[in-house]
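> Letter by letter, the chains look like this.
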Amino acid sequence: MSGDEPEFIQPPNTLKNKVKYGPDGVDLDMLEKAEQIIANLQGNYLEWVQDDLTKLQGFYDKALATPEGERAKVFKDLFGVAHDVKGQGGSFGYHLMTAIGNQLCRFLEGTQKTGAAELDVVKVHLDAMRLVIGQRMEGDGGKMGENLLRGLQAVVAKVAPK
Amino acid sequence: MSGFDGRDVKVLVIEDNQHARLLIRTVLQTLGVTTIREAKDGEDGLEVLKEFQADLVIADWKMEPMDGLVFVERIRRGADSPNPYLPIIMVTGYSEARLVIEARDAGVNEFLAKPISAKALVGRIVSVLDKPRAFVRCEGYFGPDRRRRQLPFSGGERRKPSLGEG
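Protein sequence lines correspond, in order, to chains A and B.
The C-terminal residue of the first sequence carries number 167 in my numbering, and the numbering is unbroken.
The C-terminal residue of the second sequence carries number 164 in my numbering, and the numbering is unbroken.
Treat each hint with caution, since some may be false.
[Claimed, not checked] With a straight-line Cα cutoff of 27 Å, these simulated DSSO-like cross-link-like pairs (lysine-lysine) come out:
1. A:LYS38 x B:LYS129
2. B:LYS48 x A:LYS21
3. A:LYS67 x A:LYS163
4. B:LYS48 x A:LYS23
5. A:LYS23 x B:LYS129
6. A:LYS81 x A:LYS128
7. B:LYS60 x A:LYS118
8. A:LYS67 x B:LYS8
9. A:LYS25 x B:LYS129
10. B:LYS38 x A:LYS60
11. A:LYS38 x B:LYS117
12. B:LYS38 x A:LYS78
13. A:LYS23 x B:LYS38
14. B:LYS60 x A:LYS128
15. A:LYS23 x B:LYS8
16. A:LYS78 x B:LYS60
17. B:LYS117 x A:LYS25
18. B:LYS8 x B:LYS129
19. A:LYS81 x B:LYS48
20. B:LYS117 x A:LYS23
21. A:LYS128 x A:LYS78
22. B:LYS8 x A:LYS25
23. B:LYS8 x B:LYS38
24. A:LYS21 x B:LYS129
25. A:LYS128 x A:LYS163
26. B:LYS8 x A:LYS21
27. A:LYS128 x B:LYS8
28. A:LYS81 x B:LYS129
29. A:LYS38 x B:LYS8
30. B:LYS8 x B:LYS48
31. A:LYS60 x B:LYS60
For the record, the hints were derived by calculation from the structure and aren't laboratory data.
Sequences are here, hints too, so could you generate the full structure?
This is how it looks when you write it as structure tokens:
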């Protein structure tokens, strides 16, 4: 055999030595308490998300004012904010924001173009996010949320490369 | 006993989004963790670790200037690493399989997709505690064993000892 055999090492589990917990791990009451504390942050989320919406609008306006061939950096910035929206909505009960943010991210990732049609897609997603927050459409938004997502998917399907 | 007492645990949270940091801190505090330090990117995290002996790191992936993946590589394989065995949970909005594999290959212990829920984060912490993974050192890799489960193989032996040597 060569000397390239993998070496297996059992590192000291210092973390486990410092934690005290029962055989069932974390009890349900504790988890519920954590979930409740996060739910109580929902009011804060509704304020924070306005910053993201303002940023999205700002980058959208900037893209409009930028010649088409030079918009790649602005599209990257748009992706960054959409990614934040995707990553946060669900934590605070706004799963529809996560779904819309995810769809916008997938579109921005996949598109090679940065023209007027692509900007229209960004705009309808931004408007949809505003609607969700404005109407306080928590969770998946029910039937209205379903229709909203379906409408956005139809817009993307028209513009996205086949 | 029931419950979870993490009062002696030191945790470093590396996340560029202040709201996500607050969310993670809130969950940790519910678990009794009081010693929590925060950093805004990987470089900042490495600086904090110079004087803060964390027992656990919870790190985001997408950060600038140093992202979470580079941070993990520096911890696992860097000459100046404060602790190459430091448990690291990577939190990110990127949940595509190929990116999960990339994070695993960098040496992440556990992977948690955003949006974060208290239940999911606690689940990953318990997983680090209950299922500590052996570390592997081999050519091109040092980090937690990337095989999740050791499953028995019922088929016949088809490997040839002469191949793969040298």
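> Can you give the numbers of the hints that this structure goes against, from lowest to highest?
8, 19, 27 and 28
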